[in-house]
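Novice: Residue numbers (the numbering used here), protein chains in the order written: chain A, 791 to 1249; chain B, 5 to 270.
It is possible that part of the hints are untrue.
What the hints assert, rightly or not - Here are a few chain B residues that face chain A, going by a calculated C-beta distance under 10 Å:
#: 1; residue: T17
#: 2; residue: R19
#: 3; residue: F44
#: 4; residue: V45
#: 5; residue: E48
#: 6; residue: R145
#: 7; residue: D147
#: 8; residue: S164
#: 9; residue: T187
#: 10; residue: H188
#: 11; residue: M222
#: 12; residue: G225
Claimed, not checked - Restricting the straight-line Cα-Cα distance to at most 30 Å, the calculated cross-link-like pairs of lysine-lysine (BS3-like) are:
#: 13; chain 1: A; residue 1: K897; chain 2: B; residue 2: K47
#: 14; chain 1: B; residue 1: K35; chain 2: A; residue 2: K897
#: 15; chain 1: B; residue 1: K47; chain 2: A; residue 2: K1192
#: 16; chain 1: A; residue 1: K871; chain 2: B; residue 2: K47
#: 17; chain 1: A; residue 1: K1246; chain 2: B; residue 2: K47
#: 18; chain 1: B; residue 1: K201; chain 2: A; residue 2: K1037
#: 19; chain 1: B; residue 1: K256; chain 2: A; residue 2: K1096
#: 20; chain 1: A; residue 1: K1037; chain 2: B; residue 2: K256
#: 21; chain 1: B; residue 1: K257; chain 2: A; residue 2: K1037
#: 22; chain 1: B; residue 1: K35; chain 2: B; residue 2: K7
#: 23; chain 1: B; residue 1: K86; chain 2: A; residue 2: K897
#: 24; chain 1: B; residue 1: K269; chain 2: A; residue 2: K1037
Keep in mind that the hints were calculated from the coordinates and are not lab data. Predicted model, so just to flag it, every value in this text is computed and none were measured. Yeah, the Cβ is synthetic: ideal placement off N, Cα and C, and Gly gets one too.
Here's the letter readout for the chains.
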Amino acid sequence: MSRSLMRLHSLRRSAYRQVGNLAKIVTDVVCPFCGTLCDDLEVALDDSGEKILEVYNACAIGATKFLHSQAEDRLTRPQMKQEDGSWKEVTYDEAAEYTAHMLVDAKKPLMYGWSSTSCSAQSVGSELGEEVGACMDNTATVCHGSTLIAVQDVGVPSATLGEIANRADRVVFWGCNPAHAHPRHMSRYSIFPRGFFTGKGSKSRKMVVVDPRRTDTAKMADIHLQLEQGRDYELLSAIRVAIRGEKLPETVAGIPAETIYEVADTLKSGRFSVIFFGMGVTHSLGKNHNIDIAISVTRDLNDYTKAAIIPMRGHYNVTGSGQVWGWQFGFPYCIDLSRGFARYNPGDSSSNDLLIRDEVDAAFVLGSDPGAHFPVGSVRKIAQLPSVCIDPHITPTSAVSKLHVPVAFVGVEVGGCAYRMDNVPIETRKVVEPPEGMLTDEEFLTMVLKRVKEIKGAA
Amino acid sequence: MAKITLTPTKIPTLRLEAENISPDIFAGKSKEEIAQLHVFVGKESQALGDYFEIAGETGSTAADTTIVINGDVSRVKYIGMKMTAGEVVINGDADMYVGAWMTGGKINANGSVDAFSGLGMTGGELTIKGNAGNYLGAAYRGDWRGMQGGTIRVSGNAGSDIGTFMRGGTIIIGGNVDVHVGTHMEGGTIIVQGDAKSRVGGQMVKGDIYVFGDIEVMMPGFQYRKDVDIEVDGTEGSFALYEGDMGERHGKKKGETIYGKLYMKY
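Generate coordinates for the entire structure from the input sequences, incorporating the hints supplied.
Specialist: Structure representation (structure tokens):
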């Protein structure tokens, strides 16, 4: 038995193991940071089992998330913004009271975020949203929402990351930079793993990166297509033309025709091609159309070989949010429940359109940071409206909200289900206890839901 | 034709959802009954009469009814949605979904309209004197049937994504258009009398697109065929005919492959 396999066996035997008399190691921990949802982390705890000392196997971002939960100056009680701009500590009961009244009183509250929490919390949130006739939206709205539109338009031939690790020998990263955004993606799934049919690891794979910038991911590529900014649709269309052997203009998007034919041949000649794509195509010019045509390229490739396409989802459970709402409402994001039934039309029922067009009169944010990600016009609206931010951290969103409710970290202080970027559900693990008296997302939402029902019952 | 006039009296705090402003629903109703029809502001159901002063009378059928809106309704959605007959005249700007899924009748918008107007329409006439927003005559999300019949005529400019998944009917834009014209088009005609930016006819299977001005960036899948002299919407001229999108699937008719046609005016 090889050393690594022995190690794996010892890990599987027990989730907790004792290292000498010093630290306790919690194994098989799932990282609640990005959509890669690495499930091989090990966390070292002190003797008491209450403090995280070190995080092994995680990338720098993931490790920081665990360690950040240990910050001395962490907020442990809700706080309400006062007229003079200062913050006053309030109880969870008072916070639930304010939140419930805000949601009931609003004609059309926006309930945004949902991507950095567990599926069970999302589900309680759905019930709450339905009860108060909210517009429910998750971070896909400024991320992979355009992917979801494209999937609705043309379908999607996809695969799990396990299949990619074991089979893919042509890997395309289009408009994404996993070296920085999903740091362990390439080592765990897409480029380096030695899988069943990919025994030589990175040597058995051809890597194509399409990016207008020479990113750290692009530097590793066999072929880097440094296209003109915002011409992804044209280049993808050109690849389709090349796959069919039709004539191309001399250059498309700044890429010479012969290079495009070469890339088309590379993808066709593989045993299994996969396209990973990110924000570089989902939120540049054309948005859903870029994904639509990338899916069409994948479909075309399936005439010659096996091909799949996978979005590089950002937040660790944005995929789960789409899944939960998919089975509860039939739509994955941009859901308008104000009339008592689910309506969906990004462009109309999407958060930024709602905020900028003055269509909502209260803002509730959980597990996301629109203050950092939304255009300033939208953030200004959140600041003007009655607003609640539910987040373990102090963020730009909590800073502009009227009420900030800190909660326990999902995946660190409470478990719960999350969906990986390839739609595989993984149960996250509780590693340490939250600070005394702190509630989880789910517990706080349940409190608000109960109070909302009471208020509505009385009305 | 009986005429009923709506004059806006109050600006809604959020947006007003007024799918009831349609000849089909107004027909045969008294002014009082019309004033009682619901409009929605978020989750609150209110009465149409709270927002409009209503004058005139309706016909017994939709075809006999003309609704004239005198004033700004740029915060009112769904005007003339799903209408089958009759006429709506909007003397002002309107919000989203004007004439969406309409199957017949006429809408004359003398101002501008916002996005999703004429969405999935199958018949009738939608005339817009001002500008139109995005997704004009396009398909609803996930639907493979965009506009299937009728005519949309815009005197001003139109936004992006016009005629997505279009399968029939005609869209005429007097001014310029933004990106994505006739994406996934499977039939029908789009005439752009001004300039187009890029992505004209991407993934196009069938149908005709005419562009009188320039296209900033041409799709790589279109190939020049020949020059033709034709009359388009009353304008005679010499056009360069391109066929495409070569990357997309195409059907055959009598052994010949049928492509989408893109005409560029010289």
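Novice: Against chain A, run the beta carbon of T17 of chain B and see if the smallest gap drops under 10 Å.
Specialist: 7 Å, holds
Novice: So, as I understand it, the hint says H188 of chain B touches chain A; can you test that by seeing if any CB pair is closer than 10 Å?
Specialist: This interface hint holds because 8 Å falls under the 10 Å limit.
Novice: With chain A as the partner, please determine if V45 of chain B meets the hint condition of a C-beta pair closer than 10 Å.
Specialist: 6 Å, holds
Novice: Starting from K35 of chain B, check that the Cα of K897 of chain A is at most 30 Å away, please.
Specialist: Distance of about 28 Å is within 30 Å: holds.
Novice: Return the status of the interface hint for E48 of chain B: holds when the least beta-carbon distance to chain A is below 10 Å, violated otherwise.
Specialist: 5 Å, holds
Novice: Under the criterion that the straight-line Cα-Cα distance not exceed 30 Å, is the pair K47 of chain B, K1192 of chain A satisfied?
Specialist: Answer holds: K47 of chain B to K1192 of chain A is near 23 Å, not above 30 Å.
Novice: Checking one constraint from the list: CA of K86 of chain B to CA of K897 of chain A, max 30 Å. Satisfied?
Specialist: Holds, at roughly 26 Å.
Novice: For the pair supplied as a hint, K871 of chain A and K47 of chain B, is the alpha-carbon distance within the 30 Å limit?
Specialist: 28 Å, holds
Novice: Can we keep the G225 of chain B interface hint, with Cβ of chain A closer than 10 Å?
Specialist: 5 Å, holds
Novice: Is the interface hint satisfied for F44 of chain B? The criterion is a beta-carbon contact with chain A at less than 10 Å.
Specialist: Since the shortest Cβ distance to chain A is 6 Å, the answer is holds.
Novice: Is the straight-line distance between the alpha-carbon of K269 of chain B and that of K1037 of chain A 30 Å or less?
Specialist: 23 Å, holds
Novice: Measuring from the C-beta of D147 of chain B to each C-beta in chain A, is the shortest one below 10 Å?
Specialist: 8 Å, holds
Of the hints listed earlier, there is not a single one the structure fails to meet.
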